[in-house]
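Trainee: Those protein sequence lines, which keep their order, are chains A and B. Just so we're aligned, residue 1 is where the first sequence starts under my numbering, counting upward by one. Just so we're aligned, residue 1001 is where the second sequence starts under my numbering, counting upward by one.
Keep in mind that the hints were calculated from the coordinates and are not lab data. Only a predicted model underlies this, so the values are computations on that prediction, with no experimental measurement involved. Errors might be hidden in some of the hints.
These stretches of chain B come out as covered by chain A in the derived footprint (C-beta under 8 Å, 3 or more residues) [to be verified]:
| # | region |
| --- | --- |
| 1 | 1019–1031 |
| 2 | 1414–1427 |
| 3 | 1475–1487 |
Listed below are several chain B residues computed to face chain A (Cβ distance under 8 Å; list not exhaustive) [said to hold, decoys possible]:
| # | residue |
| --- | --- |
| 4 | Leu1047 |
| 5 | Leu1049 |
| 6 | His1050 |
| 7 | Ala1051 |
| 8 | Met1073 |
| 9 | Lys1077 |
| 10 | Phe1078 |
| 11 | Lys1080 |
| 12 | Trp1095 |
| 13 | Arg1099 |
| 14 | Thr1345 |
| 15 | Gln1431 |
As a list, the in silico BS3-like pairs of lysine-lysine whose alpha-carbon atoms are at most 27 Å apart [as the list claims (entries may be wrong)]:
| # | chain 1 | residue 1 | chain 2 | residue 2 |
| --- | --- | --- | --- | --- |
| 16 | A | Lys85 | B | Lys1077 |
| 17 | B | Lys1248 | A | Lys85 |
| 18 | B | Lys1215 | A | Lys85 |
| 19 | B | Lys1037 | A | Lys32 |
| 20 | B | Lys1037 | A | Lys94 |
| 21 | A | Lys94 | B | Lys1097 |
| 22 | B | Lys1396 | A | Lys94 |
| 23 | B | Lys1080 | A | Lys32 |
| 24 | B | Lys1246 | A | Lys32 |
| 25 | A | Lys85 | B | Lys1246 |
Note that the Cβ used here is the ideal one computed from N, Cα and C, for glycine as well.
Residue-level listing of the chains:
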Amino acid sequence: MSRRFTPKIVTANALLEGDVVYFTAAGEWSRKHSDAELIDDEAHAQLRMLDAERSPGIVGVYLADAVKGDSGPKPVHFREAFRAKGPSNYPHGKQEEENHV
Amino acid sequence: MYNYNDFDQAFVRERVAQFRGQVARRIDGSLTEDEFKPLRLMNGLYLQLHAYMLRVAIPYGTLNAPQMRQLAMIADKFDKGYGHFTTRQNIQYNWPKLRDVPDMLDALADVGMHALQTSGNTIRNVTSDHFAGAAADEIEDPRPVAELLRQWSTDHPEFQFLGRKFKIAVGASEHDRAVLKAHDLAVRIVRNDAGDTGYEILVGGGLGRTPMIGKVLNPFLARQDLLAYVESVLSVYNLLGRRDNKYKARIKITVHENGLDTIRDLVEKRFAEIRPTFSGHDQNLLSEIRSHFPEPDYQRGSSEGFDAFYRADPAFRSWVDTNVTDHKNAEYAIATISIKAHGQTPGDATSDQMREMADIAEELAHNELRISHEQNVILPHLHKSNLPAVFARLQKVGLATANIGLISDIIACPGMDYCALATARSIPVAQEIATRFDDLKLEHDIGPLKIKISGCINACGHHHVGHIGILGLDRAGVENYQITLGGDGTQDATIGERAGPGFAYDEIVPAIERIIFAYLDLRQSGEETFLDAYRRVGITPFKDALYPAEDKANAA
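Same shape as in the complex, but just chain B:
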């Protein structure tokens, strides 16, 4: 993984020192809150409902063991002993004190991390496939390109005051695990018929108030042109994007209002201007970055121990079947650690859990961890013979839940339990759905299902692309939950369809239950997933299940 060089280290330390001064001036009254707010946001510091919140960037979700241990240390020393992994592969601390934040940032810098550009109208943390470097279906590891974009976008003088935030994701596989089509800009590494690799550039995706699926701006960009082209897109957006209305300021609206062809023409024009100014330094840098992402030094050995354990231990077998994915190396596996034990807060890990994951990674898994946008932690490189030991260690710290991709593997934003923007709670809804279906012992029978919950229209919980999406709103001073169905966040990205009127807080779990029982009744076999069944029968049977009384009224 990428290690900071002297320049990176000096830059991050200087920014911490600047922020330390700004915090001191805010506390002594030299800076007003209006003056201070943009400065703290540049450093990822929000003021939320009950406390400050510090959002720390985890570039493309990649961490090593010392970094994870440092996140645990920060949780213990400056917060309440836990952290919250987010849908943008970041970690948030919910209870920092203003005076402590510069020390927290210094502690992050000690392990090559920071909180820069995790807020504000800039290019945010670049995200990627959480299986990068390990997936069998990828053309190459997408992270060097993500790192190049991170370095290019960090403190880029032209893009510190965009009309609105700008999110970039990078992928390199046929299967999209990074929700590429819901990003302002996505880079997909592709191979053409001639066998050359290049970039497909998608633009104008996004969820929130006006959900849009990203569109192909350029189907095949030559590799040496990436930064010049992406800079051209940003440059066009910076000038053309609306600044009169924050709800119409994202690039998805710019693309929608001006048309994809106009945007493409403007980008090409700008590209022609700035391309000659890219002299190849970026390509040298990319080569240098690639050297930070070598293949793991694979361990060779028999997987007999694994096979015997798999046959003998049903709990281990269930975990492997649910949480373990094929690795590109047949002797290896990718293990997803569920941060969604039934009844727990999705994405919250205690400092003890973080330390155990760090130790496992260091001792048994090539010192690598990933955070997924689905709020889980991944051990991307595990020799199969190590799986039983890893499972046993995870069990001891409550991290061995076998529920990846199932009904209780729910994405939930912090909602009104923490977030100042939220209009309703998300976390307890997720907790109750998980607990309910665990009690019913139906989870594995229901099979693959993605429930995603947002506590406001901004859609941090990705509800539009949930197979079942739940959006919490404030309806006349009462929490109310709208359901969308049939959303999909993969390469077949689809915005879910609204099922009808919303449900009160105490009605939402029974409503989800009715949807699930309708699915179990109408599916053709245990092999037909919820999403497949929905695509076959459409929304009507689910509406009938959700609103039975209305049905009778219509019939009368």
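So here's chain A without its partners, still in its complex pose:
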């Protein structure tokens, strides 16, 4: 019996700012985790990785576990939760940008 595929998102860092970015279903990069395409098929995940790696301005593409949330995918592992939010000692990073909106 093959192991069940854990749903994934494609994520990376932006080349110029280093900021965490997520690959959307439209093949664009978003700064928000909830915009990511949630992929529940392994073959499709590999295809999307190939697409993502070809896009310019992006560094370090990889697949991360995610789950379906009320408004888009949510991180599973705490590392991805920190990447999606920012550091815990200052309101910097993505949480800072959200506060400015």
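Got chain A sorted already, so can you dock chain B onto it with the hints?
Mentor: Chain B alone, transformed into the frame defined by chain A:
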């Protein structure tokens, strides 16, 4: 302190220009990330969790006021208005943008600084005693030797592609304040029975995955032979060190696998070959470097003002008792500025704080600052009469915390709040321990205690040599913290012993509290420090305090 000559200035500027071109080629797509990564690492530029990180070298932790001011300017102009002082006496910026980095490097070059060899498999920034030149117990100022090693190792063609990174520290005192025995190679300036000075060479120390205490490779090396001998060690390591497995590539493993005697024989053989090629130029250079490190032009004067303030002001008295150390000149003092206000991030200073420290150094402290591996800033040469004014100015910028060497003077690596390698967070654990014991008002009663926290096995937070060490790990997708006890980073270097199973994030501060209360209960007097008590009673009482439920289960 050492000032760049025309050669140094031209070299650093050329490297900045090269990197500017490399960044431009990366941005226009001519260079792939695989091609660019080793180039950016050579210039201290990492890509971390949320952003790039630029690690700037502060050779042997020494800065002057204009340099500190420039670090503040860089923090304001290119980052978020602060910098993080590290356990290797460097400073890191957590939020630079790729396009800005060449300008940041040019701004560093303006004050004789750079970020070269702060990453990659090369000889890293040479560290030293943060009290160098001021300590009462040193044979001589170790920094000229550290500077000689820095110049020799910078861009050394043979050692740009070592099997792994290589860290060197230099000390000259009986008391080791530079964690010499946790370095790949350490140089200790010593005096023999005949009264001659020479070098004790230690090799194979290191923390990380396989912690090891450095071993004496040569107990007394003649002074003129330093570079030839150190080059021989590096040369032997470069050929013999493993390159098949990065976890077995540090020289500590080479020494462990081949044996100290074999390494010594190989070093001696190489030394015999290359020693004749050292014609004495290095000794001339060392003399020239020494002229950059003169004794301060000591101010003479009465310390009556200090004495009166000390008697009258309890806050000042507490700060002096905790943060001020004897200077070799009896009219002077060494003041350690705590970058660990309770609840703040260990080692983080704002640009305003950096500027105030620079101003104080320039106006009242012979224009010198030091960064310690314990992530604090030191004013090494302060006339005692200036201490009250310095204290008052530090108070205004939140830098007057009287906690040096106490439970809240915690070393913490950036951990998973910033570092891409981390397996758990360090900073909030440090913040919460400091806040908790400040609330309990127990800090001064507990007395000398070193807590050191690393957010992964690489041990940048020196947890193995903490009296209490905390290692953050990822256990099945949850942060988990292992405790080690009885470590020591001084001349009596000891690797701490693991206490037992780890604790979840919300259990780690209560666990530390149980250790501390066990210590307070069992110590023989207020004079018996945590480490002394631990050495007397061993780990068992602390294990009992940490795992009380297990105790009952065993008894049942």
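Trainee: Against this structure, judge whether each hint is valid.
Mentor: Here is what the structure says about each hint:
no.	hint	verdict
1	1019–1031	holds (count 3)
2	1414–1427	holds (count 5)
3	1475–1487	holds (count 3)
4	Leu1047	6 Å, holds
5	Leu1049	6 Å, holds
6	His1050	5 Å, holds
7	Ala1051	4 Å, holds
8	Met1073	20 Å, violated
9	Lys1077	16 Å, violated
10	Phe1078	12 Å, violated
11	Lys1080	6 Å, holds
12	Trp1095	7 Å, holds
13	Arg1099	6 Å, holds
14	Thr1345	5 Å, holds
15	Gln1431	7 Å, holds
16	A/Lys85 / B/Lys1077	24 Å, holds
17	B/Lys1248 / A/Lys85	35 Å, violated
18	B/Lys1215 / A/Lys85	45 Å, violated
19	B/Lys1037 / A/Lys32	26 Å, holds
20	B/Lys1037 / A/Lys94	25 Å, holds
21	A/Lys94 / B/Lys1097	15 Å, holds
22	B/Lys1396 / A/Lys94	31 Å, violated
23	B/Lys1080 / A/Lys32	21 Å, holds
24	B/Lys1246 / A/Lys32	35 Å, violated
25	A/Lys85 / B/Lys1246	32 Å, violated
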